[in-house]
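**Student:** The chain contents come next:
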Amino acid sequence: MTDHSGDTRSHPAQILAPNEWGGMSFQERMATAEFRIHHQAHIVVDGSVCEGCSTRECIVACPANLFIPTSDGGIVFNHEQCFECGTCYLVCNNEGAISWNYPEGGHGVVFRRT
Amino acid sequence: MTDETTATDVDVIVVGGGPAGSCAALVAARAGLSVVLLERGPFPGSKNMYGGVVYPRILDELIPNWWEEAPIQRWVTRRSTMLLTDTQALTVDFRAEAWGKPPYNGATAFRPDFDNWLAGHAQAAGAQLITSTTATGLLRDNTGKVVGVRTDRPDGDLHAHVVIACDGVNSFLSKEAGLYEHTDAKHFTLGVKETLALPKDVIDERFGVRGREGVDIEIIGATGGVNGGGFLYTNLDTIAVGVVLKLNKLGSQQQRPEQIIASLKQHSAIAPLVQDGELKEYSAHLIPEAGLKMMPKMTTDGMLVAGDAAALCLAAGIWLEGVNFAMASGMYAGETAVEAVRAGDTSAGGLAGYQRRLSDTFVLRDHRKLRRAPELVLSDRVQHLYPGMVANVVERMFRVDNPTPKPGVRRILNQERKRAGVRRRDLLRDGWTGFRSFG
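Chains as they are written, first to last, in numbering that gives the first Met the number 0: chain A, 0 to 113; chain B, 0 to 438.
Mixed in with the good hints there might be a few duds.
As the list claims (entries may be wrong) - Which stretches of chain B does chain A cover? Using the computed rule of at least three CB atoms under 8 Å from a CB of chain A, they are:
hint : region
1    : 42–50
2    : 144–155
3    : 189–198
4    : 255–265
5    : 277–286
No lab work stands behind these hints: they were computed from the structure.
Predicted model, so just to flag it, every value in this text is computed and none were measured.
For glycine and all other residues, C-beta sits at the position ideal for the given N, C-alpha and C.
Just need the whole structure built from these sequences, with the hints factored in.
**Tutor:** And the structure:
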């Protein structure tokens, strides 16, 4: 169903509640949706801007859990399984931290049964 | 503005193959205009998700007997509003046999199916559908008038007399055109949903329906500390359960969306309905929730905005509608484009009929009438205090505490109001707001 090959990202529990709900891992949950991944990221996060952020709401609010805090206080972002919803740039209160675009035509999430 | 200096490729470019875009393209193409319908996904509907019910009566005039061919899952013949606390549930449940027969009322459908079907009608009317193509920006002439769009195809500039932006809740085109004064997280909710597979007969039995009859349950008090609402509805052999969460509360409450769905699914009133459902698709989408408070200017020189792009989504508690507002606004945008192209004036003045059409029909009349409702429904009192208060009142009314005699309802009301920490004047004020909005 999904084009996502070899999920190498880790979703450590970090400060968040565990990503284990309803008897399945978050990776399994995300694998139910189809993503046609483009190599070029449509969303770019400037992690250095995030270092001074006190709220970090993107980490909790992103439904695809794509914002991962780093040990040095920054945030890393992976664009691959993005729902293209827009939550992150709307909750972000740091100007310039998130550059948001749509993926190249034909790429990104492909909903089927929703 | 009759002197079009730039050569145009087509009369009308519609950006976005959702319900707004397809209706706009359908109307314009049927009137004989040349129309391009751009869709960034591999097929129309592939980027779209919603809270479950489409009310298609607006299609009566565009596609007669649409119900004979529309790819719907079930006809909603049973509509419930449920109020939850952690341990209680109060449901108002309504059934109408008439809603299971033509012309029907609401239907559940998969948006990728429904939107694709509607786009097919636009194509059949002569619109040229171009998929897998993102409109990346506006083209303007030296007066600032919108004269087309740039796409991500090589040599992908397209020129037209009118651009109709139906590019969804994030509408970068309307923002680029300066039609939104500002966008604010508090005007949006995030919808997240699980589509769960269950055998059809199990669904029929659990939800008390047969054949193509379906159920839509809207839930308040289901979202923990985050203001919002829940929903549960039936498809043919899947059910959908999800929540709608106020964006500016989600992050600050430190609760993840899938976590909030998980607690809803564990509620004693919901668990038996969703039990053993196998997750088939997890999805998420934003909803423009604030109605008139957030709506952009919908017309500018050479361009109209429709659907979610224009924040035309009605999130008013017991009324939760969007696809119908999208279809109607798209239709009116299409009609206006036809009128303007024929008159040779596609300036904002030439396109002024759009605003008039929206104002004269349910599109803006419903929004004006219910302008106070979205804020009331998502207010802290309605979200966090009233569900518990009401549920306690009902529990005490039906609890038999013998040998203690039954207390009067008025006394219970007063005691529970105080216990919930609700001030009488706030309750009266909210009641009055509700009455003025919904009455």
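**Student:** Confirm or reject each hint.
**Tutor:** Hint check:
For the region 42–50 of chain B, the stated coverage by chain A is satisfied: 6 residues place a CB nearer than 8 Å to a CB of that chain, which reaches the threshold of 3. For the region 144–155 of chain B, the stated coverage by chain A is satisfied: 3 residues place a CB nearer than 8 Å to a CB of that chain, which reaches the threshold of 3. Here's how the region 189–198 of chain B fares: 5 of its residues keep a CB closer than 8 Å to some CB of chain A, so the rule of at least three is met and the hint holds. Counting residues of the region 255–265 of chain B whose CB lies closer than 8 Å to any CB of chain A gives 7, which reaches the minimum of 3, so the coverage claim holds.
Counting residues of the region 277–286 of chain B whose C-beta sits closer than 8 Å to any C-beta of chain A gives 8, which meets the bar of three, so the coverage hint holds.
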